[in-house]
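A.B. asks: Each chain, written out:
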Amino acid sequence: MTLETTLLVAAALFCVGLFGALTQQSVVMLMMGLELMLGGVILGAAGVWRHLSPTADGQVLIVLAVTVMAVEMAVGFAVVTALFRTREADMTDMAAELRE
Amino acid sequence: MFGDVVFWVLSAVAVAAGVMVFRFDSMARATYALLLSLLCVGGLVVRLGLDYLGVVIVLMMTVEMALMAVFMVMYMMNPAGLMPMSMLHNTKGAAVVCGGLFVLLAAGIVLAPWPHRRGRPGDDATRALGESLMGPHMLTMMTLGLALFATIVATVVLATRRGRYDRFGDALRAPRADDPARGGVGR
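Each protein sequence line maps, in turn, to chains A and B. Each residue of the first sequence is one higher than the one before, counting from 5 in the working numbering. Each residue of the second sequence is one higher than the one before, counting from 934 in the working numbering.
Chain A extracted, bound-state conformation (with noise of 0.2 Å):
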């Protein structure tokens, strides 16, 4: 359990994060890309905060990413539904231009 190792696992959840983020159609799973990609970020954190600096900052920023992803979440589901009141969208093509 190194620095290198913690990272490696970070970026590879943060790619494969990545990819759903990238192409899938549905908002929702688009969201659980994002979330994937956060959850990396939030482990490369706390491999940097384990391995190179173990002072409070790096959790500070660990509590930082963790907020991220609560409001990511909540505002994501909340233009999801706004989006589905006003477009009856909930595929990410449908959704391409702002205009009505």
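Derived by calculation from the structure, the hints in this document are not laboratory data. You may find that some hints are simply not true.
[What the hints assert, rightly or not] Pulled a few chain A residues facing chain B out of the computed Cβ check, cut under 8 Å:
| no. | residue |
| --- | --- |
| 1 | Leu11 |
| 2 | Leu12 |
| 3 | Val13 |
| 4 | Cys19 |
| 5 | Leu22 |
| 6 | Val70 |
C-beta: ideal position from N, C-alpha, C; glycine also.
Dock chain B against chain A, hints included.
C.D. replies: Frame of chain A; chain B shown alone:
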């Protein structure tokens, strides 16, 4: 030795479950796969010595995935995956981008001259985090609190079908609410 085995098992399950999220036809299975992947991330964070944050991640992800399952059923046209269908676009381009990014990140991780660790993890990382958030990082904590409050307001505004601006106009000056059905006693 045991710790390394736990680390590798959690890492392998986290990545494999992450891949399976986008392979399952059933949305319920995809949600559980994502939950499993993020639970493993929480376990890895605990394994790295951040017990409190790891448990927070585990608890938060469990609730978050339960909510996500509800939204899956609400919005997906085929939530059970009984009729397998492809809902992907630009697969090859995304595979190239993500594969290239992973190679780039892996090369940087392996080849970078990482500095030596400064200091040692304290005996009580949770206490250190609490003292930091209530001390030098108080502004960060307050900003996060405000951001979460703004999120609550924004989600309610976005998700509400008819708010007060719809009922009383942009200036909130309409003498009577513009409702589809008149309310009150004796309507």
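A.B. asks: Work down the list of hints and note, for each, if the structure agrees.
C.D. replies: Right, here's what the structure says about each hint:
The restraint placing Leu11 of chain A at the interface with chain B holds, with a minimum CB-CB distance near 5 Å, inside the 8 Å limit. The restraint placing Leu12 of chain A at the interface with chain B holds, with a minimum CB-CB distance near 6 Å, inside the 8 Å limit. At its closest, the beta carbon of Val13 of chain A sits 4 Å from a beta carbon of chain B; the interface hint therefore holds under the 8 Å criterion. At a threshold of 8 Å, the smallest CB-CB gap from Cys19 of chain A to chain B is about 4 Å, leaving the interface hint in force.
Proximity of Leu22 of chain A to chain B holds as hinted, the smallest CB-CB distance being about 5 Å (cut-off 8 Å). With a least beta-carbon distance of about 6 Å to chain B, the hint placing Val70 of chain A at the interface is held under the 8 Å criterion.
In this structure, none of the earlier numbered hints is contradicted; all agree with it.
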